Amino acid sequence: MIQFSDEKMTEVRRLIARYPEGKQKSALLPVLHLAQETFGGWLSSETMDYVASLLQIEPIEVYEVATFYSMYNLKPVGKYMFEVCQTGPCMLNGSDDIIKYIGETLSIKPGETTADGLFTLKTVECLGACGYAPMMQMGKHYREHLTKEKVDAIIAECRRNAAANN
Amino acid sequence: MGRKVLLDKAHIEGIRYYDVYRKNGGYAAVEKALKMDPAAVVEEVKKSGLRGRGGAGFPTGMKWSFIAKPEGVPRHLVCNADESEPGTFKDRYLMEFIPHLLIEGLIVSSWALGSNNTYIYIRGEYAWIVDILEQAITEAKNNGWLGKNIMNTGFDCEIHVQRGAGAYICGEETALIESLEGKRGNPRIKPPFPAVKGVWDRPTVVNNVETLAAVVPIINLGGEEYAKIGVGKSTGTKLISACGNIKKPGVYEIDMTISVEEFIYSDEYCGGIPNGKKLKACIPGGSSVPILPANLLLKTAKGEQRMMTYESLSDGGFATGSMMGSGGFIVFDEDQCVVRHTYTLARFYRHESCGQCSPCREGTGWMEKILKNIEYGSGKMSDIDLLWDIQRRIEGNTICPLGDAAAWPVAAAIRHFRDEFEWHVNNPEESQRRNYGLAHYADERQVVVG
Ligand SMILES: Cc1cc2nc3c(=O)[nH]c(=O)nc-3n(C[C@H](O)[C@H](O)[C@H](O)COP(=O)(O)O)c2cc1C
Ligand code: SF4
Ligand code: FES
Chain A
1 MIQFSDEKMT
11 EVRRLIARYP
21 EGKQKSALLP
31 VLHLAQETFG
41 GWLSSETMDY
51 VASLLQIEPI
61 EVYEVATFYS
71 MYNLKPVGKY
81 MFEVCQTGPC
91 MLNGSDDIIK
101 YIGETLSIKP
111 GETTADGLFT
121 LKTVECLGAC
131 GYAPMMQMGK
141 HYREHLTKEK
151 VDAIIAECRR
161 NAAANN
Chain B
167 MGRKVLLDKA
177 HIEGIRYYDV
187 YRKNGGYAAV
197 EKALKMDPAA
207 VVEEVKKSGL
217 RGRGGAGFPT
227 GMKWSFIAKP
237 EGVPRHLVCN
247 ADESEPGTFK
257 DRYLMEFIPH
267 LLIEGLIVSS
277 WALGSNNTYI
287 YIRGEYAWIV
297 DILEQAITEA
307 KNNGWLGKNI
317 MNTGFDCEIH
327 VQRGAGAYIC
337 GEETALIESL
347 EGKRGNPRIK
357 PPFPAVKGVW
367 DRPTVVNNVE
377 TLAAVVPIIN
387 LGGEEYAKIG
397 VGKSTGTKLI
407 SACGNIKKPG
417 VYEIDMTISV
427 EEFIYSDEYC
437 GGIPNGKKLK
447 ACIPGGSSVP
457 ILPANLLLKT
467 AKGEQRMMTY
477 ESLSDGGFAT
487 GSMMGSGGFI
497 VFDEDQCVVR
507 HTYTLARFYR
517 HESCGQCSPC
527 REGTGWMEKI
537 LKNIEYGSGK
547 MSDIDLLWDI
557 QRRIEGNTIC
567 PLGDAAAWPV
577 AAAIRHFRDE
587 FEWHVNNPEE
597 SQRRNYGLAH
607 YADERQVVVG
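Top to bottom, those sequences are chains A and B. Following this note's numbering, the numbering of the first sequence begins with 1 at its first residue and continues without gaps. Following this note's numbering, the numbering of the second sequence begins with 167 at its first residue and continues without gaps.
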């Protein structure tokens, strides 16, 4: 059975306290973010049921939300997720090429994960970085002004970090 | 140099932190406003002529005066930091670099509206900005600007940062409210308006980040002084996020007295089109507003110089004009393909439709499919008319304006660039073979600020 640590439970309580009495459901989005970060980068039905029990709401209320928002992953993803923006303003600056290049370099298509479980490539829509295009999100941060060389360097950096952590 | 009142201090080293911000005149607006009657603060905002910077341009003071005040029911101010309209990245800049300006604006506005618990709803992808805002809030609280009994006025105020999770529709104010309540971002049917029944059925005002930041100079200068910046009903300054094929993409504060031509070509702003290319077209106010070809962009149909103001950008209506919108300024050089760009936007709106109303849910899907066919060389001439027909059936027939926002870019692209659609139909093989590259933009371009 999964469970938040005491420290994470303190965070959950802090989140709930921001809303009026009885409106703890309002904490659903932030608590789902916390759960996704904590339990392997995606939301299993076990994780979602756990979140429902914490917020005293029905599991269906959690599924409804988890399936609506694009940042919640409903299946396992790679250790590093490259979320490359493909919307118009990025396209004007070559995002199509970047997506193609990452796909070729890692031998995966958008939506897929490499066999070693290290990388997932995902195409996303405008992330509010149109002036820094082409760009992608990697975890909590943005990587901007991408070039093929930069992509190579990022992949190498991820591989080094993964090797160092093993 | 145009007048700046939002980003004038953005270059100061360390302005992100409280001490530096305070030393440079920060929180003076809170000191001033909390000595005023809340109604007097609303009055200053009315006098300023400030119009909502989120896209619709609705007068802020008027919006504030609509808020219902039933006895014993708490009211809430919600700051819309969802910023997801393609081409728009100005609020991000403000929050990232001068977060205290927003916090200060929020305290003043919360006082004016009587909101003891104010929420910033920020798009989930701006995860690192959440930390920056939380830090600024903690600093403000430690210095007595937030919390209980601020400046001995008896006013309590807390600001909370709520992270979204990836959904453009949550920028629409009623969808945002649903999301804040922990639900799917399905827009509500209006009325009732949020001013009467908003978050948790309480009276609520939703305003954009830039709108709320602008309250700070309005209080500092006084509404009348602020209104002297700009022209006509375009008072004050506007942040423009400029992107696409320009030499200096970035966030610029303009005082709404400059022309579009100056904005694109002057070194103070976009710096012109790189690589000696010509200007082809521009979407001046975020992806939802009509695209304009270069000739109609620089000069109105009446032959007048087009200015960077609400009125001038919309001069000519949708037939020959566009809109200020969110200030997301997307520039196309002569090599760009309008059909391809429109296809990416259609895909965007299909992806972001919440699916509640059939014209939007089905229509955005159809538009994406047809545009994809045309772009990739399997379209028919009749598809162009079909597209026109579909967009017309969406517009005005939906619960929220996302339907219109999806229809307008398609309509404008066909209106002004029909020949390009026809070229695709007539040249299917070339359409398929065309290759989009990093072309000439692989260099690390200067990103400009201010
Ligand atoms: C589909 C859609 C998306 C929107 N996205 C945003 C947004 O990201 N940020 C924003 O401030 N307003 C957005 N708006 C406008 C809001 O509904 C609302 O008008 C605005 O937040 C009001 O603030 P203002 O009066 O300060 O402009 C959006 C509207 C629609 C229909
Ligand atoms: S217009 Fe589209 S996004 Fe808006 S409520 Fe209808 S289906 Fe949802
Ligand atoms: S279009 Fe890619 S970040 Fe906006």
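Don't read these hints as lab results, they were simulated from the structure. There may be inaccurate statements among the hints.
As the list claims (entries may be wrong) - Below 27 Å or equal to it, Euclidean Cα-Cα: the simulated BS3-like pairs (lysine-lysine) are:
no.: 1; chain 1: B; residue 1: Lys535; chain 2: A; residue 2: Lys25
no.: 2; chain 1: B; residue 1: Lys465; chain 2: B; residue 2: Lys446
no.: 3; chain 1: A; residue 1: Lys79; chain 2: A; residue 2: Lys148
no.: 4; chain 1: B; residue 1: Lys446; chain 2: A; residue 2: Lys140
no.: 5; chain 1: A; residue 1: Lys23; chain 2: B; residue 2: Lys314
no.: 6; chain 1: B; residue 1: Lys307; chain 2: A; residue 2: Lys140
no.: 7; chain 1: B; residue 1: Lys363; chain 2: A; residue 2: Lys109
no.: 8; chain 1: A; residue 1: Lys25; chain 2: A; residue 2: Lys140
no.: 9; chain 1: B; residue 1: Lys356; chain 2: A; residue 2: Lys25
no.: 10; chain 1: B; residue 1: Lys198; chain 2: B; residue 2: Lys349
In this text the structure is predicted, and so the values were computed from the model without any measurement.
- prompt: Holds or violated: Lys198 (chain B) with Lys349 (chain B), Cα cutoff 27 Å?
  reply: At roughly 38 Å apart (the allowed maximum being 27 Å), Lys349 (chain B) and Lys198 (chain B) break the hint.
field: Lys363 (chain B) paired with Lys109 (chain A) [C-alpha distance capped at 27 Å]
entry: 46 Å, violated
query: Given the hint that Lys25 (chain A) pairs with Lys140 (chain A), does the C-alpha gap stay at or below 27 Å?
result: Holds, because 24 Å separates the two Cα atoms, which is no more than 27 Å.
message: Would the hint linking Lys23 (chain A) and Lys314 (chain B) be met if the CA-CA limit is 27 Å?
response: Answer holds: Lys23 (chain A) to Lys314 (chain B) is near 22 Å, not above 27 Å.
query: Taking only the CA atoms, is the gap from Lys79 (chain A) to Lys148 (chain A) under or equal to 27 Å?
result: Holds, because 21 Å separates the two Cα atoms, which is no more than 27 Å.
query: Taken at face value, is the distance from the CA of Lys446 (chain B) to the CA of Lys465 (chain B) at most 27 Å?
result: Answer holds: Lys465 (chain B) to Lys446 (chain B) is near 14 Å, not above 27 Å.
field: Given pair status - Lys25 (chain A), Lys356 (chain B), alpha carbons within 27 Å
entry: Distance of about 23 Å is within 27 Å: holds.
query: Taken at face value, is the distance from the CA of Lys140 (chain A) to the CA of Lys307 (chain B) at most 27 Å?
result: 26 Å, holds
message: Need the status of pair Lys446 (chain B), Lys140 (chain A): alpha-carbon distance at most 27 Å?
response: 36 Å, violated
task: Would you check the hint for Lys535 (chain B) and Lys25 (chain A), treating anything up to 27 Å between C-alpha atoms as holding?
output: 37 Å, violated
Of the numbered hints listed earlier, those contradicted by the structure are 1, 4, 7, 10.
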